[in-house]
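Asker: Chain A is already provided as a structure; the job is to place chain B on it using the hints.
Protein sequence lines correspond, in order, to chains A and B. Counting with our numbering, you get residues 111 to 297 for the letters of the first sequence. Counting with our numbering, you get residues 111 to 297 for the letters of the second sequence.
Treat the hints as calculated values from the structure; they're not laboratory data. This structure is a prediction, so every number in the text was calculated from the model and none was measured. Treat the hints with care, as some may be off.
For identical chains, the list gives no copy identity; a pair is met inside one copy or between any two copies.
[As the list claims (entries may be wrong)] Here are the simulated SDA-like pairs of lysine to any residue, each with C-alpha atoms no more than 20 Å apart in a straight line:
{"hint": "1", "residue 1": "159", "residue 2": "135"}
{"hint": "2", "residue 1": "159", "residue 2": "253"}
{"hint": "3", "residue 1": "159", "residue 2": "132"}
{"hint": "4", "residue 1": "159", "residue 2": "136"}
{"hint": "5", "residue 1": "159", "residue 2": "137"}
{"hint": "6", "residue 1": "159", "residue 2": "133"}
{"hint": "7", "residue 1": "159", "residue 2": "120"}
{"hint": "8", "residue 1": "159", "residue 2": "222"}
{"hint": "9", "residue 1": "159", "residue 2": "126"}
{"hint": "10", "residue 1": "159", "residue 2": "285"}
{"hint": "11", "residue 1": "159", "residue 2": "123"}
2 protein chains.
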Amino acid sequence: MTTRPGPRERLLEAARDLTYRRGMHVGVDAILSAADVARRSLYQHFGGKDGLVAESLRSPAALNRLREVMDRAGDDPAERVLAAFDDLERITTDPEFHGCRYTAAELSLTDPGHPAHAVVRAYKDDLRAVFAAELTRLGHPDPVVGATQLVVLVDGVLAYAVTRPDAHPARAARSLAELVVGPPHPA
Amino acid sequence: MTTRPGPRERLLEAARDLTYRRGMHVGVDAILSAADVARRSLYQHFGGKDGLVAESLRSPAALNRLREVMDRAGDDPAERVLAAFDDLERITTDPEFHGCRYTAAELSLTDPGHPAHAVVRAYKDDLRAVFAAELTRLGHPDPVVGATQLVVLVDGVLAYAVTRPDAHPARAARSLAELVVGPPHPA
Numbered sequence: 111m112t113t114r115p116g117p118r119e120r121l122l123e124a125a126r127d128l129t130y131r132r133g134m135h136v137g138v139d140a141i142l143s144a145a146d147v148a149r150r151s152l153y154q155h156f157g158g159k160d161g162l163v164a165e166s167l168r169s170p171a172a173l174n175r176l177r178e179v180m181d182r183a184g185d186d187p188a189e190r191v192l193a194a195f196d197d198l199e200r201i202t203t204d205p206e207f208h209g210c211r212y213t214a215a216e217l218s219l220t221d222p223g224h225p226a227h228a229v230v231r232a233y234k235d236d237l238r239a240v241f242a243a244e245l246t247r248l249g250h251p252d253p254v255v256g257a258t259q260l261v262v263l264v265d266g267v268l269a270y271a272v273t274r275p276d277a278h279p280a281r282a283a284r285s286l287a288e289l290v291v292g293p294p295h296p297a
Numbered sequence: 111m112t113t114r115p116g117p118r119e120r121l122l123e124a125a126r127d128l129t130y131r132r133g134m135h136v137g138v139d140a141i142l143s144a145a146d147v148a149r150r151s152l153y154q155h156f157g158g159k160d161g162l163v164a165e166s167l168r169s170p171a172a173l174n175r176l177r178e179v180m181d182r183a184g185d186d187p188a189e190r191v192l193a194a195f196d197d198l199e200r201i202t203t204d205p206e207f208h209g210c211r212y213t214a215a216e217l218s219l220t221d222p223g224h225p226a227h228a229v230v231r232a233y234k235d236d237l238r239a240v241f242a243a244e245l246t247r248l249g250h251p252d253p254v255v256g257a258t259q260l261v262v263l264v265d266g267v268l269a270y271a272v273t274r275p276d277a278h279p280a281r282a283a284r285s286l287a288e289l290v291v292g293p294p295h296p297a
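Chain A extracted, bound-state conformation:
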């Protein structure tokens, strides 16, 4: 038997689910109803919908998945980076895939003062840092530019795959990622 999560966790979970499936502009009432939480609780915990949406993006889920995929690929930095693109092929061909929630937040929440933007920036900076660390271990001549290229590829795959999953952008991007990480190392 599991304990039911408290209102704060239920709100975060409902916001994550509904903004992903129905868009950032999903109504507050739908979130409250899915979370089975009173409006007052939303304001107490997050100060309102904007705060809830921002906080729901702060989840470590995406980076945790990336780190797990990399760790399963072993210790070679090139293999670890390429494993991320193999995982993108799985992610983007899943029928439940609806695009990158971070890019969706950036494009849907056009108020530059929305608190979600700082969370997205932190996420993409973390993503780039994860790649830069692998490229540094590889002896890449410019790990930050290389990592920027990898983030461009990730963002591009996630954007294009919403429109054309059948173009398999993750596979096409993997070939470019191979060029970023350079030729295979001798064992």
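Answerer: Same frame as chain A, but now just chain B:
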């Protein structure tokens, strides 16, 4: 003296402008007010907001700009493709840049039945075809996969640049595009 455009054109222009600056969920009233058009006119011309938004995306502006940029770069297919990435650097460092309107439509309009999706698909297919034509002229071994890589780069630059224009993703992507088009040709 120029003639004032008719209600249909004014609606399209207002929708293009407001959905870009304020997001796909901008209210119908704001569009009607900016267009100075009666609600009845919206329904007569487009059947409603969804039809207007879809039609506003059908603009040839983005592909026309791409073709002009390529034509200014001359006849060499590699130079023509790379010119697109130089232009992306200009686009994404413009303070008025708010991201790719096609990706925004895909991510904001989560109803799969929304008529905008077919327009976005046609746009991205056209974009890929423009690149594939250049790669075919270059003798690229697989122009469709190469063009898919270029669309991933374009989509990735436009997505990442919303968050981090200061990372200059277009410059980073240009180096990868150079690898797609191969080494420079002898003059």
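Asker: Does each hint hold? Answer for all of them.
Answerer: The hints, checked one at a time:
1. 159 / 135: both (10 Å within a copy, 16 Å between copies)
2. 159 / 253: neither (38 Å within a copy, 46 Å between copies)
3. 159 / 132: both (15 Å within a copy, 18 Å between copies)
4. 159 / 136: both (10 Å within a copy, 18 Å between copies)
5. 159 / 137: Intra 9 Å, inter 19 Å, cutoff 20 Å: intra and inter.
6. 159 / 133: both (13 Å within a copy, 17 Å between copies)
7. 159 / 120: within (14 Å within a copy, 34 Å between copies)
8. 159 / 222: within (16 Å within a copy, 25 Å between copies)
9. 159 / 126: Intra 12 Å, inter 27 Å, cutoff 20 Å: intra-copy only.
10. 159 / 285: Classified as neither: same-chain Cα gap 41 Å, cross-chain 41 Å, threshold 20 Å.
11. 159 / 123: within (13 Å within a copy, 31 Å between copies)
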